[in-house]
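4 protein chains.
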Amino acid sequence: MIRFESDYLEGALPEVMRALNETNLVQTPGYGEDEYCAAAAAKIREKCAAPGSAVHFLIGGTQVNFTFIAAALRPHQAAIAAASGHIAVHESGSVEATGHKVVALPCGVDGKISAAQVRECVEAHWADSTHEHQPQPKLVYISQPTENGTIYSLAELEALSAVCREKGLIFFVDGARLGTALVCPGADASLADLARLADAFYIGGTKLGALFGEALVITNPALNRDFRYIEKQRGGMLAKGRLLGVQFGALMTGGLYERTARREVELAWRLRRAFEEKGWPLYCDSPTNQQFPIAPDAALEKLAEKYSFSDWARIDETHRAVRFCTSWATKEEDVSALIKDIRAL
Amino acid sequence: MIRFESDYLEGALPEVMRALNETNLVQTPGYGEDEYCAAAAAKIREKCAAPGSAVHFLIGGTQVNFTFIAAALRPHQAAIAAASGHIAVHESGSVEATGHKVVALPCGVDGKISAAQVRECVEAHWADSTHEHQPQPKLVYISQPTENGTIYSLAELEALSAVCREKGLIFFVDGARLGTALVCPGADASLADLARLADAFYIGGTKLGALFGEALVITNPALNRDFRYIEKQRGGMLAKGRLLGVQFGALMTGGLYERTARREVELAWRLRRAFEEKGWPLYCDSPTNQQFPIAPDAALEKLAEKYSFSDWARIDETHRAVRFCTSWATKEEDVSALIKDIRAL
Amino acid sequence: MIRFESDYLEGALPEVMRALNETNLVQTPGYGEDEYCAAAAAKIREKCAAPGSAVHFLIGGTQVNFTFIAAALRPHQAAIAAASGHIAVHESGSVEATGHKVVALPCGVDGKISAAQVRECVEAHWADSTHEHQPQPKLVYISQPTENGTIYSLAELEALSAVCREKGLIFFVDGARLGTALVCPGADASLADLARLADAFYIGGTKLGALFGEALVITNPALNRDFRYIEKQRGGMLAKGRLLGVQFGALMTGGLYERTARREVELAWRLRRAFEEKGWPLYCDSPTNQQFPIAPDAALEKLAEKYSFSDWARIDETHRAVRFCTSWATKEEDVSALIKDIRAL
Amino acid sequence: MIRFESDYLEGALPEVMRALNETNLVQTPGYGEDEYCAAAAAKIREKCAAPGSAVHFLIGGTQVNFTFIAAALRPHQAAIAAASGHIAVHESGSVEATGHKVVALPCGVDGKISAAQVRECVEAHWADSTHEHQPQPKLVYISQPTENGTIYSLAELEALSAVCREKGLIFFVDGARLGTALVCPGADASLADLARLADAFYIGGTKLGALFGEALVITNPALNRDFRYIEKQRGGMLAKGRLLGVQFGALMTGGLYERTARREVELAWRLRRAFEEKGWPLYCDSPTNQQFPIAPDAALEKLAEKYSFSDWARIDETHRAVRFCTSWATKEEDVSALIKDIRAL
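Chains as they are written, first to last, in the numbering used here: chain P, 3 to 347; chain S, 3 to 347; chain X, 3 to 347; chain V, 3 to 347.
With the rest of the complex left out, here is chain P (with noise of 0.2 Å):
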């Protein structure tokens, strides 16, 4: 079986590995308290061009958008996402457990939600006599890209970062493929775009080319005080910290985070010219590393004989759409024998 269906199937990038390999009997303090730690931030905030802003190395994704939300809240104060956002549906229901309500905000299957959209959830919110009586809409969460692979132009972050100023939000950006984003077709927004934009986002590693590990930057210093004790509290802070500076290090060193974001986002365009080619529309328009074909039934049955990918919507009796993914271990003799295969069909 050749996989497709995430890009976390397989462990880290080669010089991920050496790095930890090679620094495997190095004695560090614990916690993130090390140099590891230290220089993989610095490295970060230089590319950010956000010296003055926090970097916590995180284990997952989850962990790092309840914990951050948790920190950012008062208890009254509630999340708007997308419908389809990760922390709406994918996270078991993590930010609640916190306490905060997740205000969803109708989307297309694009997954994005509008500056306009947060303007008037906001606007009606205060404007409601009864507001009291309702969680105060106060964190504004997006994906970058979103669920669905879809990015965020630079005006549109420009256009929420401005809403949420102007309306006393809090903007942060789960940036669990963030990479793709950053160098796909059509890619338009920087790190440093991201860090002057937002108050606090996160570069995933998981799900390019580290074993695990996501980096927060949290650019609001009022956002920062306290962080770490929330961060161990909720289980967030990592004996061995180091491991995640290690590969951090190797991962902002070189452009290799953007060479393997690159790469992805190669693949995943072969793949997508050849669903176009074969006539197969595509569920939404993601120029990044997840492509999202309708196909036929009778094809994907086919096909699955011999690739795994996911399934993400039907579509009518005969069609439903799915999604595959490449990731930094995607072999280019696999993509090309699934084009032939998709080709042969």
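Don't read these hints as lab results, they were simulated from the structure. Just so you know, these numbers come straight off a predicted model, no measurement behind them. Each hint should be verified, as a subset may be incorrect.
Note that the list lumps identical chains together, so a pair holds whenever it fits in one copy or between two copies.
[As the list claims (entries may be wrong)] 25 Å max Cα-Cα, derived DMTMM-like pairs, lysine to aspartate or glutamate:
1) Lys308 x Glu35
2) Lys342 x Glu7
3) Lys333 x Asp287
4) Lys304 x Asp130
5) Lys308 x Asp130
6) Lys333 x Glu37
7) Lys333 x Glu279
8) Lys333 x Glu268
9) Lys333 x Glu7
10) Lys308 x Glu24
11) Lys308 x Glu37
12) Lys333 x Glu35
13) Lys169 x Asp195
Got chain P; can you put chains S, X and V on it based on the hints?
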């Protein structure tokens, strides 16, 4: 600087790194539903002689503790722990953050609580006519070995288990350094004993040769129900769960886990004998890989120029107790050098 | 100003005040363990033909809702509610503050959800291979009558109950204005039906003639276990619990509760007929004490000089739906005056 | 049976009942946004000489405690309390249920903690290099009077307030029986002192002549931000909030509150003198409406045939400490009868 301040200062055992390296490119499903996890779980069940138990791999000890406790208790129920227990003092209130009080029972420097104390606490609760105005004690948490390196004897564990069963309490054992308690001088409780006596316990990897990871064994099937939801919700479910399976697979093969623990303990006893020879009393009688000599401040300052260790307790104006830890990575020559330097003081 | 904006604008029925005055100096134990509470509970059990059920008196509706839900669910479980349900929109995220997601099902202006919707939601959850990454739907919350004054028929309640039992869900009914649903035109579900069909429900006092207080009836004994701990923990246990027993004792004697509800409904229907006569369509078909005419803004502004009512929904640029409520204290002459003024518009 | 076991055994003062009866049919807006609440709040602000403070009326003491603490703390912060403090032992873990640890400081039978203890606790936290692994002490909770009826002197309150301000802690005073601490022998701290020294405190009504209700005074404006959301979220916002305004309006008029407290205290001191005359030592030196004689079991059994009181602590095999409470409703003749019966023992 030669470091003895804790046992999570390095990476992982060569066998563990090798297993990670060798499996790095293998594709597996995510979230612990892979063959490596299944195989490692099977080995653990066999070692524990507990074929019906469930095994879950989580990332860290704090996380196992609060996740299991949150899954096991209803909102009004509390965990009983020693006043110096890890959940009572070193986890940033993580159990309280899930809504539950930790009822701290007094304990001596051995960090242990007794079956009699548990009985008294629970009987006092139910005898009080206003017990509904107090959290209901429902779970007993101990560490084996304790924070201070001491161990519960089999008889003590039997007694704790018996009172828990009699009173309808859940018995949970934190095994962050469990291996050392299995092999140290005086050890008489096996993994199979733990599995027979506790409702759940975990076998720590982070402090015994893994890069990271703990194996939670739930022997009481009622407490395993829907556990994976809560594991995900609390951030404990790793996307590349196979990393944990691969590591525990290595640790549980060919006696590596016990051999590692035995080596840690032997090196620690070399230190212990050096402390005794020097006339430094021991703060507590730890037979495991943590040793706590009481020494003159001046001597410790001298040692601190070359070695790191942890401050533990002030004894009088010129003496304090400190902790020296050995780990899988501690070098024999470093132990020898330290002993030589102690003798020369 | 003559007020119709809600049904909690005055104190309590004369019979309730009389009972409070007459018992004022009697000494009783605290926390609801008194004879007044016991007697009122017995009357409620009898009325409900549910001799084995438990009755708890709490102070307010929001409190009953989140306290029961917190007591009933495990951490990963969610409550299903209509998108316009009270717990979904008007309780400041109180259910989320206990850690649970409220899964909002779409509903029309009648504010109702159907057994088919519940079935679909639950089956979709379990059919999803990643269901462990989503909150588990476990409890169905409805209001009888709904936020918009409509009622569930006996057949609808039977169907909801049946799907809950089939799927292992808890069925909970918010009865803040329950009396009106028992006596209004078209009502065909009795208290005994509710007790038979739901796992728990509450009989609202605050909006039906009591000063304050709600009677929670738990018919499923498994859900009553240790409930008083959680009631105390969440602030719902009144020190002078007898005040609730005294009030419900009065309400449940001689048909006072139903008589009060009937009067509220009759006055509301006088208004309803006046709206219809005037040609004002009804926003929703409420047979209870809340009526929702759609009227021209100009007419409403005129009425607002003399009467208070609540804005409910904007219909078009010159029309909006508003809410008129009657209560136990609404005066006949005030209703007559309002009708006369409507006719004169 | 003549009851002395607590001070919440009866309804309310005649003046309070009269106010409720007289205003029963007046229509007001709900949720505390009525003129009765506004007027009562104004009186309280005036009495406290705290014109800028916010006053919120909640239903019960446990609720005020956990609601204020939940509103005031971030997730990693803890409340400091005496080991015998109400939040530490008699509220079913309600503070923990909002996610926060209660750090219990040792205290004697007077139930008090000192500024020095608070200072030591906080300094020890910050001096610990692993303080991020522990809950951060951030709020000091005391009761005035304490659980055991003792009172803090003005000097003690000044010292607590000073250490709180120096260390950035929130100072919160539970005043369930506050009136008695204002008027008892030895009392030297006024309402204005409390308002000046504490960040928030509450004036208890339930135990001082109201049917129910507590007036929370928040003098620190930063802690009042959005408080009403959290009050609603935690079930503390009464639909007919005016009931609380009406009651506190009566209590705060013409010195009724203080007069009631004074009468309670005077009757308690009559009992105290009878205990002393009898040679029964006092368990603690309470100058307020709770008295704790240590008496022979046989004598107490004899008294228990006619009077109720609370068991408090076993002293030796034949003696125990018990609690006698007086309330606004305690009859002089009942006190006289009790004293006569004690003398006759």
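| said: Run through the hints listed earlier and report the numbers of any the structure violates, in increasing order. | reply: No hint contradicted; all consistent.
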